[in-house]
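Enquirer: The residues making up each chain are set out below.
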Amino acid sequence: MTMKSSQAPVIQRHSMQSWGTVLLLLAAATGGGFLLDHHVSLTSQAMVYVLAVVVASYSLRWQQSVVCAIAAVTAFNFFFVPPRWTFEVESQENLIALFTMLLLALVISHLSAGLRRETEIALLNARRATQLQELATGLSEITSAPEIMTLGQGALDSAFEGPNILALRHFDGKLELPEGLSPSVADGLQCCMREVAVLGPGTGRWPGLGAWYIPLGDKSQMNGAACIQPALAGDTSAREHAQALCTLLGQSLLRLDLADSMRIAKNEAQRQQLQNTYLAAISHDLRTPLAAVVGAASSLQTQRDKLSQEEQDRLLASIVSEATYLCNVTENTLQLVRLANASQQIKRDWESMEEIVGAVLGRVRQRDPDRRIKSKVPEGLPLIKADPVLLTQLIGNLLDNALKYSADSIDLTVNVTDRELQVAVKDRGPEIPAEKYSSIFELYARDDLSGQRGVGLGLALCRAIATAHGGTLTLRRRTGGGNSFTFSMPIEANQPEGMRP
Amino acid sequence: MTLRVLVVEDDHEIRSLMQSSLSVEGFDVQTAVSVSEARVLLLHALPDLMVLDLGLPDGDGAALVQEVRKQHSLPILVVSARHQETQKVQLLDAGADDYLTKPFSVAELLARIRVALRHRGTALAAAVTVHELDDFRVDLTLHSVQGRGQALHLTPTEFKLLARLVRSAGRVVTHRQLLTDVWGAEFTEHTHYLRLYMGQLRAKIEQDPAEPRHLLTETGVGYRLAVD
Numbered sequence: 001m002t003m004k005s006s007q008a009p010v011i012q013r014h015s016m017q018s019w020g021t022v023l024l025l026l027a028a029a030t031g032g033g034f035l036l037d038h039h040v041s042l043t044s045q046a047m048v049y050v051l052a053v054v055v056a057s058y059s060l061r062w063q064q065s066v067v068c069a070i071a072a073v074t075a076f077n078f079f080f081v082p083p084r085w086t087f088e089v090e091s092q093e094n095l096i097a098l099f100t101m102l103l104l105a106l107v108i109s110h111l112s113a114g115l116r117r118e119t120e121i122a123l124l125n126a127r128r129a130t131q132l133q134e135l136a137t138g139l140s141e142i143t144s145a146p147e148i149m150t151l152g153q154g155a156l157d158s159a160f161e162g163p164n165i166l167a168l169r170h171f172d173g174k175l176e177l178p179e180g181l182s183p184s185v186a187d188g189l190q191c192c193m194r195e196v197a198v199l200g201p202g203t204g205r206w207p208g209l210g211a212w213y214i215p216l217g218d219k220s221q222m223n224g225a226a227c228i229q230p231a232l233a234g235d236t237s238a239r240e241h242a243q244a245l246c247t248l249l250g251q252s253l254l255r256l257d258l259a260d261s262m263r264i265a266k267n268e269a270q271r272q273q274l275q276n277t278y279l280a281a282i283s284h285d286l287r288t289p290l291a292a293v294v295g296a297a298s299s300l301q302t303q304r305d306k307l308s309q310e311e312q313d314r315l316l317a318s319i320v321s322e323a324t325y326l327c328n329v330t331e332n333t334l335q336l337v338r339l340a341n342a343s344q345q346i347k348r349d350w351e352s353m354e355e356i357v358g359a360v361l362g363r364v365r366q367r368d369p370d371r372r373i374k375s376k377v378p379e380g381l382p383l384i385k386a387d388p389v390l391l392t393q394l395i396g397n398l399l400d401n402a403l404k405y406s407a408d409s410i411d412l413t414v415n416v417t418d419r420e421l422q423v424a425v426k427d428r429g430p431e432i433p434a435e436k437y438s439s440i441f442e443l444y445a446r447d448d449l450s451g452q453r454g455v456g457l458g459l460a461l462c463r464a465i466a467t468a469h470g471g472t473l474t475l476r477r478r479t480g481g482g483n484s485f486t487f488s489m490p491i492e493a494n495q496p497e498g499m500r501p
Numbered sequence: 502m503t504l505r506v507l508v509v510e511d512d513h514e515i516r517s518l519m520q521s522s523l524s525v526e527g528f529d530v531q532t533a534v535s536v537s538e539a540r541v542l543l544l545h546a547l548p549d550l551m552v553l554d555l556g557l558p559d560g561d562g563a564a565l566v567q568e569v570r571k572q573h574s575l576p577i578l579v580v581s582a583r584h585q586e587t588q589k590v591q592l593l594d595a596g597a598d599d600y601l602t603k604p605f606s607v608a609e610l611l612a613r614i615r616v617a618l619r620h621r622g623t624a625l626a627a628a629v630t631v632h633e634l635d636d637f638r639v640d641l642t643l644h645s646v647q648g649r650g651q652a653l654h655l656t657p658t659e660f661k662l663l664a665r666l667v668r669s670a671g672r673v674v675t676h677r678q679l680l681t682d683v684w685g686a687e688f689t690e691h692t693h694y695l696r697l698y699m700g701q702l703r704a705k706i707e708q709d710p711a712e713p714r715h716l717l718t719e720t721g722v723g724y725r726l727a728v729d
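Residue numbers (this note's numbering), protein chains in the order written: chain Y, 1 to 501; chain C, 502 to 729.
What the hints contain is simulated information worked out from the structure, not anything from laboratory work.
Hints should not be assumed to be uniformly reliable.
Only pairs whose alpha carbons sit at most 27 Å apart, straight line, appear in this in silico DSS-like list of lysine-lysine [stated by the list, open to error]:
id	chain 1	residue 1	chain 2	residue 2
1	Y	K436	Y	K404
2	Y	K374	Y	K385
3	C	K705	Y	K374
4	Y	K347	C	K603
5	Y	K376	C	K705
6	Y	K385	C	K571
7	Y	K219	Y	K174
8	Y	K404	C	K603
9	C	K705	C	K661
10	Y	K347	Y	K385
11	Y	K404	Y	K374
12	Y	K436	Y	K266
13	Y	K376	Y	K404
Sample of chain Y residues facing chain C (criterion: CB under 10 Å; computed from the structure) [stated by the list, open to error]:
id	residue
14	S352
15	G362
16	R365
17	S375
So the derived label-pair ranges between C-beta atoms look like this [stated by the list, open to error]:
id	chain 1	residue 1	chain 2	residue 2	range
18	Y	D257	C	P604	48 to 54 Å
19	Y	C327	C	V728	38 to 44 Å
20	C	P558	Y	K174	46 to 52 Å
21	C	P558	Y	V416	46 to 52 Å
22	Y	E420	C	V631	41 to 47 Å
23	C	P604	Y	R338	18 to 24 Å
24	C	R540	Y	P496	39 to 45 Å
25	C	T587	Y	Q153	51 to 57 Å
26	C	H573	Y	L307	46 to 52 Å
27	C	A582	Y	E141	52 to 58 Å
28	C	A704	Y	D408	26 to 32 Å
29	Y	D408	C	P558	49 to 55 Å
30	Y	Y278	C	P604	20 to 26 Å
31	C	L504	Y	D408	46 to 52 Å
Note that the structure is predicted; figures quoted are calculated from it, not measured.
No residue lacks a Cβ here, since even glycine has one placed at the ideal position from N, Cα and C.
Take the sequences, apply the hints, and build the full model.
Expert: Okay, here's the thing in structure tokens:
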């Protein structure tokens, strides 16, 4: 949709054509006059010329219609008014008729030109209204400032000849001006930003400028400025349209700005909330075992002589197990922080799940003297691309949790499907309620079923490790009671050469 | 003869803990707090074993390991925190004999030292050729492997791999060392060979390959043949 308010380049192209139209109309009228010659009166022949003048003044610009009117009268005089083939006029009556005709032609020309102009204005206004509506609709779906600028630039360029400049305010308060902008335009934009007012012809401010400078935004929040050309002092409706477009753009930028501030504030609040929960939980997780260690150690230090050998052993065992637990918490925390640093890619190599399970069991059996963990690993597993240290930590954490939370046997199984390797840890412990199935993996959304510590951190790390391997960690209710944690990760379609003879 | 141990560790608590628990076991313990101090002590008198902490204040344990390895075969035990994975493997590849991860128990420390001292001088004297634990028995000179109550048949590569572990029984052997010694120096990146052949070996030797008794995995580092 184009609707240039100025038609300067278009005029050149059309002017030859319209003069041609004038000639054509006059020739047609003259031809018609000759056809009707001897059949009708001179007045009727004059009407044919008047018809040509009406057509010309409705379809052409006024200069052409006036020339057309004068030429029509002249031609009528030359071809038809006696004495014919001369510019002389014989009778006074004919002279009056000629003048009347000229006057009539001019009046008609004036009226129809006015009518045409009003039609054009109405059409232009309709188009402008449509454009505003389209821009508003387009802007409502946009979520970034550059998109707003692109859409805005398009709208301005389709409404105004240009060059039109849209400049966005940078977050440091300066305008982002395009390269190679003329200093006067840059000054105009800066000044418009400063004054928060429309500048340029017809605005009463800086009427000497060659363009309109329109602010994007209002006094409370300026988001940029626009430079629109050409600017004619008298073309109020064009300026109003430009201002309407800029208001829409300014409002959109403001909406975006508000949404941004709201999001930032919300994130910050969430981050602080998380940090507080995290700190509270981790200090609880560290403080309790530390208290146990300090208590046991100080008791041994001051009361050793009064304690039985059995009690001494119990205190020593407690120091070792609490300290080991502290090591685990520290290790899990560190690993989680490392994984949270997304830029750090994990190191992956060809690994065997059988081997990883073996290494985990070798470590966990120290805490499983009754051999409650029953493992089932099929032969001939495909290799996986993984970080073995992380996977050992994942499976180890799941087994440690199961040992803590349940008193019965625990099943550790490995399965292979078409594209996935699955490791499941299933216990018969108290069932975790379904509504906690997703929150249990969040940092310190600990399940307080039996007052044990440190689960939140461990499971959060497990899920982070699963995700880092392109896999998942899910919790399901186990058939027959208990919980089933399943880690799934993709198997590389291309196994290394020379594998599986 | 009293065996001399040099402990290089910058943390005071851990240094005095090691000193007292090793002294109790009858070792003559010297301590150093830095690489430079360790160098001076090594020039003065050669210990029978060195315990070297990673991340000393004045620099690179790896350089020290390389220097010592050029001239002496004394066993070197590396002590590392868990996040020093890569550094630890580098030191083992450079010639350190074994490692301990902090936190470790005194029992673990003593066990590692016992194994390291057992291998002392193997570079000069005849290497270990027989390994025996429970009903699993390997005789490298006779080329025989017995386990699970019967003679086991291994492929040549499987045997080579097992033999390499037997020669360092009880100590960790890194992926790189195994690949270099069994397949050749150009195969050091082919860790999947190890996964495959260790899997096959376990299937033949172990009662439960998923919970091995003999062929232990040192996650991210290498393998170890169990001695107890």
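Enquirer: Now tell me, hint by hint, if it's right for this structure.
Expert: Structure-based check of all given hints:
With a C-alpha separation of about 18 Å, the suggested pair K436 (chain Y) and K404 (chain Y) falls inside the 27 Å cut-off, and the hint holds. Restraint check for K374 (chain Y) and K385 (chain Y): satisfied, since their Cα atoms lie roughly 26 Å apart, inside the 27 Å limit. In summary, the hint linking K705 (chain C) to K374 (chain Y) is supported, as the alpha carbons are separated by about 21 Å, within the 27 Å threshold. Between K347 (chain Y) and K603 (chain C) the alpha-carbon distance is near 22 Å, which keeps this suggested pair within the 27 Å criterion.
Under the criterion of a C-alpha separation no larger than 27 Å, the hint pairing K376 (chain Y) with K705 (chain C) is consistent with the structure, at around 18 Å. Distance restraint check for K385 (chain Y) and K571 (chain C): the Cα-Cα separation of roughly 37 Å exceeds the 27 Å cut-off, and the hinted pair is therefore not satisfied. Taken as a hint, the K219 (chain Y) and K174 (chain Y) pair is honoured in the structure, with Cα atoms around 16 Å apart against an allowance of 27 Å. With a CA separation close to 24 Å, the supplied pair K404 (chain Y) and K603 (chain C) stays within the 27 Å bound.
Taking the CA atoms of K705 (chain C) and K661 (chain C), the gap is about 15 Å. The hint holds against a cut of 27 Å. Note on K347 (chain Y) and K385 (chain Y): the hinted pairing holds, with a Cα-Cα distance of about 9 Å set against a maximum of 27 Å. Our distance criterion of 27 Å between C-alpha atoms is met by K404 (chain Y) and K374 (chain Y), whose separation comes to about 16 Å. Using a Cα cut-off of 27 Å, the hinted pair K436 (chain Y) and K266 (chain Y) holds, with the two alpha carbons roughly 24 Å apart.
Between K376 (chain Y) and K404 (chain Y) the alpha-carbon distance is near 21 Å, which keeps this suggested pair within the 27 Å criterion. Contact between S352 (chain Y) and chain C, as hinted, is supported at the beta carbon level, the nearest pair being about 4 Å apart and thus within 10 Å. Interface hint status for G362 (chain Y): upheld, as the beta-carbon distance to the closest one in chain C is roughly 6 Å, under 10 Å. Taken as an interface hint, R365 (chain Y) checks out: its beta carbon lies about 8 Å from the nearest beta carbon of chain C, inside 10 Å.
The beta carbon of S375 (chain Y) comes within 5 Å of a beta carbon in chain C, closer than 10 Å, and the hint placing it at the interface holds. Between D257 (chain Y) and P604 (chain C) the CB atoms are about 53 Å apart, so this pair conforms to the stated range of 48 to 54 Å. Checked against the hint of 38 to 44 Å, the pair C327 (chain Y) and V728 (chain C) fails, with Cβ atoms roughly 26 Å apart. Checked against the hint of 46 to 52 Å, the pair P558 (chain C) and K174 (chain Y) passes, with Cβ atoms roughly 49 Å apart.
At roughly 49 Å, the beta carbons of P558 (chain C) and V416 (chain Y) sit within the given window of 46 to 52 Å. Between E420 (chain Y) and V631 (chain C) the Cβ separation comes to about 44 Å, which falls inside the hinted range of 41 to 47 Å. One distance hint, 18 to 24 Å for the beta-carbon pair P604 (chain C) and R338 (chain Y), holds here, with the actual separation near 19 Å. For R540 (chain C) paired with P496 (chain Y), a C-beta distance near 43 Å keeps the hint of 39 to 45 Å intact.
The hint said 51 to 57 Å for the Cβ distance between T587 (chain C) and Q153 (chain Y), and at roughly 53 Å that hint holds. Between H573 (chain C) and L307 (chain Y) the beta carbons are some 47 Å apart, a value that agrees with the proposed interval 46 to 52 Å. Under the hint 52 to 58 Å, the C-beta atoms of A582 (chain C) and E141 (chain Y), about 53 Å apart, fit the expected range. Checked against the hint of 26 to 32 Å, the C-beta distance between A704 (chain C) and D408 (chain Y) comes to roughly 30 Å, which is consistent with it.
For the pair D408 (chain Y) and P558 (chain C), the beta carbons lie near 50 Å from each other, so the given range of 49 to 55 Å is met. With their beta carbons about 24 Å apart, Y278 (chain Y) and P604 (chain C) fall inside the hinted range of 20 to 26 Å. L504 (chain C) and D408 (chain Y) have their C-beta atoms about 48 Å apart, which keeps the hinted 46 to 52 Å range intact.
Consistency note: the structure conflicts with the earlier hints numbered 6, 19.
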